[in-house]
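The chain contents come next:
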Amino acid sequence: MNTKTILGIVAVLAVVAVVVFVGKSGKNLYQSPTQPKSSTPAGSTTVQTTESVTLTSSGFEPQSLTVKVGTKMVWTNQSGTVAAVNSASHPTHLVYPLLNLGNFGNGETLALVFDQPGTYKYHNHLNASQTGVVVVEK
Amino acid sequence: MVAALSAIWLTGWFHVGEKGLLFLLILSLVTTISSDLLLARLRGKPFFFPSAAIVSGIIIALLVLSWYQIFLIGLLAMLAKNFLRVSERHIFNPAGFGLLVSGIILKQNISWWGVSWQQSAGHPLAFIILLIPFLVSGLRMRRYFIQLAFLLILIVFKASPLDPTLLFFVAVMLPEPMTTPVKPATQLAFGVTVALLSLIPYFSDPLLFALLAGNVLFFRR
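Those protein sequences? They're chains W and V, same order as listed.
Take any residue in the first sequence, count from 1 to its spot, add 9: that is its number in this note's numbering.
Take any residue in the second sequence, count from 1 to its spot, add 680: that is its number in this note's numbering.
Extracted from the complex, chain W is given alone in its bound form (with noise of 0.2 Å):
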C-alpha cells in the first residue's frame, strides 16, 4: 500500500468521522440529532414523571424503556458492588457525554432528566455487557 493510498484512505475516514460527529447532518446512529446541551441534568428542568431502572448483577432492569420527554431517569444499584452508568460507545462515551454519569455504589442513585426525543444508548462501564437504552418520545 503506498503513501497515496493511504492518506487517501485517512482523508476518507476523516471525512466521515466530522460528518458523524461534528456536522450533526448525517444520519441518526444512537441520538437525538440535537446538541448535548438541551438535555439537562436533574432538577434543571421540568420534570413530568420519574422512571426507575435497577442494575442488579445480571444487568439493567428494564433494559430498554421508552418515555416521554421531561422524563427523569434513576438508575439504582443493586448490584452489590460499584458500578457505572455512561453513554455509549464503551469506552469513549462520545455518543451522548450528558449520559455520562460516572460511577455509583451499591444502594446508590443517579439521575437525569430527558428533555430531548431521541435514542440514548448506556451502558455500565465498569462491566460493558451490561447495556440499556432509553428511548424519549415526544
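Note that these hints are calculated values from the structure, not bench results.
Each hint should be verified, as a subset may be incorrect.
[Claimed, not checked] Dumping the calculated DSBU-like pairs for lysine-lysine here, alpha-carbon to alpha-carbon at most 35 Å:
hint	chain 1	residue 1	chain 2	residue 2
1	W	K147	V	K787
2	V	K838	W	K147
3	V	K699	V	K787
4	V	K787	W	K77
5	V	K838	V	K787
6	W	K147	W	K77
7	V	K838	W	K77
8	V	K725	V	K863
9	V	K838	V	K863
With chain W fixed as given, assemble chain V onto it according to the hints.
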C-alpha cells in the same frame, strides 16, 4: 507481555475477589493453547511454544466473564490465526477477531471487566500495572507511532486518554506485531485510521471493529 498481562489479571482478580475468575482464566488458556497447537498441526506445522496463544488467552480472560463466550472466542481467535492467512501471515488480530465475531454470533457485548476499573485516582498501583505492557509494545516492539497517533486522535475528539479500557487497548491489542505495520509513516496512518473508525458509533464494540478494519486495510503480504 505474558508477565505484564498476568500482573493485570492478578490485580483484577484481587479487586473482584471471585474464585470463579481463575476457572475462566484456565478455560481461556486451555482453549487457546490447545486449539492453536491442534490447528497448527492440521496445517502441517511442527510443534512450537504457543506464546501468542497464551497472550490471547489472558487477554480474553481479562475481557469476558462467561465461560461459553470465552470458549467460543478462544476457538475463533485461533481459527483466525491459523486459517485466515495470506502468504503465511494472519490478517486479523486473533483475540480481536474472536471477541468481535463472538459478540455478533452471541449478540452479547464484551465486558472488559479486568481493564475498566483502574481509574488512576482510586487505584494508582493497579493503574501503573496496567501501563506496563506499553514497555513491551511501545519500546520493544516499536509500535509507538501507532499508539501515539491513535491516542492523539481520540484526545482531539475529547475522549479521556486515561481511561483504563482505552489504555489497555492501545498498549496490548492495537499494536499486535504480526498484524500491524512496521514503518513509522504507515504506523501513523494505521493509528489514525483505527482511531477514526473507532469513533463511528454504529457498532456495539467500535474499538474491535476499528481494529479489524485497520488490519484489513493495512494488511501487507
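Hint by hint, here is what the structure shows:
1. W:K147 <-> V:K787: Given pair K147 of chain W, K787 of chain V holds - Cα atoms ~30 Å apart, limit 35 Å.
2. V:K838 <-> W:K147: Satisfied, since the Cα-Cα distance of roughly 30 Å is no more than 35 Å.
3. V:K699 <-> V:K787: 27 Å, holds
4. V:K787 <-> W:K77: 28 Å, holds
5. V:K838 <-> V:K787: 29 Å, holds
6. W:K147 <-> W:K77: 6 Å, holds
7. V:K838 <-> W:K77: 30 Å, holds
8. V:K725 <-> V:K863: Answer holds: K725 of chain V to K863 of chain V is near 29 Å, not above 35 Å.
9. V:K838 <-> V:K863: With Cα atoms ~28 Å apart, K838 of chain V and K863 of chain V stay inside 35 Å; holds.
Checked against the numbered hints above, the structure violates none of them.
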